[in-house]
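Please put together the full structure from these sequences, using the hints given.
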Amino acid sequence: MPLGSDRPAQRMGAGGDERARAVSAVSTGDNLRASECRTVLPRRPSVGPLPDARRVSVGRRAVTRREPVGTTAQRFISPIRSDVLPRRRFHPQTGRTVVSTNAAEVLNLVGFITGTVLYAMLLALVLRDSGARNPSTSALPLATALLGLVWNLGELTAFALPKLGYLEYSVGLWATAFPALGLLAAVVVHSVARDLPNGGLVTSVAYACSTAASVLHIQTVLTGDPNASSLAFVVLTICYTGIIVALAALTRGQPNGSRILWIVALAMFAVSASHLGREHGGDESWAIELVGHHAAIPLAFAILYQDYRFALADLFLKRALTLLALVAFAFTGYSLTAALTPGPITTGLGLILWVGTALVMPSLHRGVTALVDVLLLRRVDYRDLNARMAGALQNGASIEQVLDTLCEQLRTALNASRVWWMEGDSPETADAGVTARASVDTTEHPPYLVKVGELMDGRRLLSDDLALIDAAVNIAARRIDQLRLTHERYEVELRAQRMQKLTAEAELKALRAQINPHFLFNALTTIGYLIEAAPPRALSTLMQLTGLLRGVLRSDGEMTTLGRETELVEHYLRIEAERFQERLTVTVDVPDALRQNHVPALTLQPLVDNAIKHGIAKSTAGGRVAIRADCECHSGESRLKIEVRNSGAPLSRAVDTGDRVGLDNVRRRLMALYGPNASLELATASDGDTLAILTLPASVNEEEKLADVKAVESRRRR
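One point on numbering: in the numbering used here, the residue at position 108 of the sequence shown is 108, and numbering is uninterrupted.
Below, a list of computed lysine-lysine pairs in the DSS-like style, where the Cα atoms sit at most 30 angstroms apart: (1) Lys613 x Lys509; (2) Lys613 x Lys641; (3) Lys641 x Lys509; (4) Lys641 x Lys618; (5) Lys501 x Lys641; (6) Lys509 x Lys618.
Label-pair restraints from in silico Cβ distances: (7) Thr332 x Glu444: 56 to 66 angstroms; (8) Thr332 x Gly224: 38 to 48 angstroms; (9) Asp404 x Glu637: 40 to 50 angstroms; (10) Pro650 x Ser679: 20 to 30 angstroms; (11) Arg411 x Arg366: 27 to 37 angstroms; (12) Glu637 x His445: 44 to 54 angstroms; (13) Ser679 x Arg495: 18 to 28 angstroms; (14) Ala593 x Gln482: 38 to 48 angstroms; (15) Ser679 x Gly391: 37 to 47 angstroms; (16) Met456 x Pro342: 57 to 67 angstroms; (17) Gln394 x Val588: 55 to 65 angstroms.
It is worth saying that the hints were derived from the structure and are not from the lab.
Cβ atoms here follow ideal geometry from the backbone N, Cα and C, with glycine treated the same way.
Shown next, in the form of structure tokens:
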């Protein structure tokens, strides 16, 4: 039978008419207020309930309506709370009656939705973190998420079902929601008192009180009364007031900020229990409704601040506070527009406020993030720290220096007692007090492992801290890879240089050992002839040959000076002059200022030998061999230019294999030592002479310069 029907009123007489009008006002939403319904209802007779009547609650009072006998035994009807009943008012412009919702109703709806979203978000983050880490560390946050979600879902459902016309389906929701709220406060006490002396006793008392209140709520529903137990709320209020006093005495050594937070949270819960346990109508202010119905939200933040053991707690705090700030901004805008007369202007203002809410969202998130990092977690700017850490790690010149810098940077940033590293292939040791491990995953073996010790002031590693560690070890790993690659390239280049040096030395030794046997044979033949014809000249030639061989075999070094190389060539030419007599004319023009320049050993001798063999020996008239050295400047660089000219036979393209090997040997050595900065060219001058032009960078060693000057002076004195 529909609520507010006229048939029960006819059977109940005058009193029934009054009751029917009251119930009809409640059901149809007429202008009659719920508080007025309570004032017109006559007191129920003391003889007990009518056998065919049901009690329908309005606030904490009841009205009676007629129902068929036995209906009450079949189902419960949940309380019709006056704060969820729609209000109606007459609109003077349209002439219609419209539904009017006050600020308290909107606040409750928004608050329950916000609480549901927050606790669902917390549950998702806790479950995600528990999958990757030890689930036991997330027990309290997990209990917080589940209990808070049950409380807010129960309140939201009980708030919405009567407005949607499903009053009878909200039976028993209070028996689920209110016990969850009581146990949520016990979890706060558990978090605070766990490490305190006698903390176990306080925690046991809190759970016992919450459990007793839960039993009272369930018992009330099972006995047929759909209202929540007022006695249960009285028990919770008295119990937690005493617990606040006990905890305040036990936690005198804690920081004031932490104590104030959980004390305020528990005090708000005590006020909430007192508010929910008394009779109240729908005319309370929105501030009273906020404290009375939504104390579970600060309880969650108190637990996280006191015991944020799961790594994503900082992420939840930032998102949750951002959501609360956004809801507060939107609710403020709604309150401003709700007080205005409905119309196009009000609608436009509402749209502007909604768009403004979307635009202000990024600024709110940045502000909340800074608030959580600076005030609550007392952390530095990790973005700036990452940049500075990357710069410090890039300056590391060795793997050990990079890892030492990484550990020092992390220790300072995380305020850790100790951060150290070890090779990943090393046997794992049971280190006490390790709060985090991070692998420095390099491309090549061995990898490295970084361990973080306990943090100062009992702080725990959160998601941003772990992200900082991961970013830092990744930067270190890339830097180590760079160092290894650079070292490998350096080793390859060093090996190549060593091979080139060994090759050049082998070629030089081969060149020294390969002084033309024909030259030695001709020199010895000339000396033998001079011994018979002109003994003094034979002795002089023998001394020149001795000086030549001594100069060739004197040093194993790859470099010599132009002065020493010129002396070697002069010995060679004097021997050849004795052989060719008047057919050979020699000119040497090497300034003393250039004799200290470095040149590769045995570079001039093959050129002079080539000039004698292909120029003078092949010409019946003989010729002239001229050696000239000069210094030129190109693009700001000094270059040494040495010319070997012969006027005998012209340059021939057909060159003997041995001569080609000797010239190619000189070119390879020049390329190995100077690269493209040195060259050897064969050309024909305009007068028909053959030119061998050697060009290389000018360089002087001061010690060898002084030694050469002394050698020149000693020769002049002799």
